[in-house]
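Engineer: With the hints as extra help, turn the sequences into a complete structure.
Protein chains: 2
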Amino acid sequence: MLPYLLLDQRKCQSNIDKMLEKATKMGVSFRPHFKTHQSATIGSWFGNKSSQAICVSSLKMAEYFAANGWIDITISIPINPNEHNRINKLASIAKINLLVESIEVASSLVKNIHHKVGVFVKIDCGYHRTGISADNIPYIRTVLSHLQHENIHLRGFLSHFGNTYSSSSPQEVKSIYSSSIQQLLELKAQFIPDYPNLQLSIGDTPSCSIVDDFEGADEIRPGNFVFYDVMQWKLGSCHVNDIAVALIVPVLAKHAHRNEIVIHGGAIHLSKEFTMHENGEKMYGLVCRFTNGKWTESIENAYVCSLSQEHGIIKLASQELEKTQIGELLAILPVHSCLTANLMNGFQTLDGQIIRMML
Amino acid sequence: MLPYLLLDQRKCQSNIDKMLEKATKMGVSFRPHFKTHQSATIGSWFGNKSSQAICVSSLKMAEYFAANGWIDITISIPINPNEHNRINKLASIAKINLLVESIEVASSLVKNIHHKVGVFVKIDCGYHRTGISADNIPYIRTVLSHLQHENIHLRGFLSHFGNTYSSSSPQEVKSIYSSSIQQLLELKAQFIPDYPNLQLSIGDTPSCSIVDDFEGADEIRPGNFVFYDVMQWKLGSCHVNDIAVALIVPVLAKHAHRNEIVIHGGAIHLSKEFTMHENGEKMYGLVCRFTNGKWTESIENAYVCSLSQEHGIIKLASQELEKTQIGELLAILPVHSCLTANLMNGFQTLDGQIIRMML
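Chains as they are written, first to last, in the working numbering: chain A, 1 to 359; chain B, 1 to 359.
Please note that a few of the clues may not be correct.
If chains are identical, the list can't say which one is meant, so a pair holds when it fits in one copy or spans any two.
Unchecked claim - Derived lysine to aspartate or glutamate pairs resembling EDC-like cross-links, with alpha carbons at most 20 Å apart:
1. Lys254 x Asp135
2. Lys111 x Glu328
3. Lys234 x Glu172
Keep in mind the hints are simulated off the structure, nothing from the lab.
Structural biologist: Rendered as structure tokens:
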């Protein structure tokens with residue numbers, strides 16, 4: 001049923017293999033973030049699930065992957081101290097790592113945890129979403145001291161350099177990476193005398209794709225790279241041909257006098273995530289022709305300029321509009337594949353296999 | 001499981017009753033748009049389903065409501081000419097109305113339709129999403145002439161004045177409404193001699209909520225009013241207390257030095273729809289306290305300022321931040337309730353009933 005999310009399994013597998021190879025070459029552990037695909041089937045493309053460490057973005061997602069055979073899971077959102085029952089239950093069947101960034105949560109965890117868990121202290125290196133500021137040594141020391149408990153294995157410091165997403169060039173991604181990892185290395189140096197086994201876990205997709213040297217990091221946790229998207233392409237994380245998913249949509253109307261066509265594909269399919277077109281307008285996706293069950297290179301200067309609940313509007317050159325027929329299918333490369341996949345709740349591979357995500 | 005979408009059934013029923021009463025008073029038919037709630041349960045709150053005319057935004061949604069007992073359904077997106085089989089099947093069990101805005105689609109429909117259907121010609125009165133421009137009389141005449149067929153009942157002209165959503169005041173909503181309905185009335189006057197039964201179907205939520213006189217219109221099709229949201233409140237369509245849904249989220253972290261708290265509630269729950277805060281920043285939701293299973297008035301100057309996949313960031317005054325505990329639940333009034341409901345795929349009522357939406 002249209003619209004549907006088409007997945008090029010070969011591109012996806014190649015993205016996985018390249019990142020795994022890079023991690024191996026750099027000597028860091030690979031703990032991919034499974035929030036992007038949310039699928040046990042795609043998760044299995046990373047290799048043997050019983051030995052594959054993974055990362056997820058919610059307790060619910062951890063429960064889903066644990067039920068599907070993954071046993072080493074980092075839940076990379078600060079824990080809700082009122083969900084100890086679910087955390088204990090999950091910790092009884094899988095090796096889980098939790099994020100803590102406050103004394104309140106550390107104290108509550110120590111009181112309520114009945115199974116062995118790993119804990120990372122979440123550190124903010126400049127993104128300012130979550131975490132303790134990397135220079136707040138006294139508070140970090142206090143939180144660490146509150147985490148002393150036989151069921152708690154202090155894993156180290158975890159950070160998400162999410163400010164790389166606002167970069168205007170690969171050079172800026174590298175620069176944010178350098179300053180962020182430097183902060184973590186200094187932090188680790190402060191605490192290694194007292195906590196000799198502390199590790200550093202990092203890993204946004206822009207850094208992991210663009211940076212050539214992860215020296216000092218112990219583990220990377222990129223997620224989006226499995227599909228990539230227009231945002232990553234614009235950041236320089238990938239080639240446009242590495243994008244592994246496209247929304248397949250029918251053309252419903254043509255408005256030649258304003259160089260627009262209307263598609264059935266809206267905010268409930270693509271999400272309202274946008275990036276800026278070079279003409280200064282919002283862009284919700286790139287547009288490709290779709291022939292013989294595959295998408296081809298993107299149509300020059302064509303983009304999704306507007307989305308409502310089910311409708312999308314594409315701007316394109318008049319000669320391309322003329323070539324386009326009502327009823328024809330087009331392929332839209334999403335701006336943010338994590339959100340598009342979450343909305344579509346499943347994939348169709350190029351050879352017609354249907355892949356479901358967690359509900 | 002958190003986050004969940006809480007629905008105040010009393011507010012929702014009151015929103016429905018008020019709109020029905022207004023339509024009755026104004027002498028127009030009421031064909032509510034069910035895309036906002038996508039739920040047979042909530043649909044039944046509008047009254048007897050076998051006599052309730054409705055509007056939906058996709059063929060799939062039409063199939064869902066037809067399977068649940070509604071028999072008079074307008075599908076308010078231009079039809080895809082490659083889906084005649086599904087259209088014929090649906091038309092064999094329900095009275096459906098389709099939108100046509102081109103000669104190509106009109107011709108294709110005439111060739112392929114095997115059951116009686118109603119058809120509206122979609123007219124653009126200035127929103128510029130879909131439809132034939134209201135002043136393009138020759139093209140409208142040609143499309144009408146292509147729709148002559150024993151299975152086609154020409155219903156009239158249908159328009160969505162979606163440009164009301166960009167208004168900066170209720171006065172501007174009224175002004176867009178006036179100019180748009182005037183265009184439709186002139187159009188109808190042109191064609192009434194040849195097509196004496198043409199009707200006018202209109203109805204975005206801002207117009208239907210704000211305008212006091214629908215003279216000349218035959219039918220209104222608002223949808224969002226069933227829940228309203230922050231966008232509608234800002235437009236002047238409703239009071240903030242009329243908003244009937246709120247996302248219930250736990251507080252995960254506090255960052256007092258930047259007046260921010262972190263919630264588990266992100267783009268996959270609220271959607272990335274935003275409106276502008278009066279301080280010039282993006283706003284993804286208003287924030288209310290949540291006590292005894294209900295949300296109270298919104299916290300002054302508090303708003304969701306940033307969303308990633310699962311995390312949300314709330315800005316709030318320091319005295320409000322101090323009063324807030326990690327683990328506490330807050331209620332977020334969504335910017336666009338249609339998109340939030342679609343993402344959450346269900347509701348919990350104040351008395352604990354779980355309401356599912358179509359899948």
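Engineer: Hint by hint, note whether the structure agrees.
Structural biologist: Now the hints, each set against the structure:
no. : hint            : verdict
1   : Lys254 x Asp135 : between (56 Å within a copy, 17 Å between copies)
2   : Lys111 x Glu328 : between (60 Å within a copy, 18 Å between copies)
3   : Lys234 x Glu172 : within (13 Å within a copy, 38 Å between copies)
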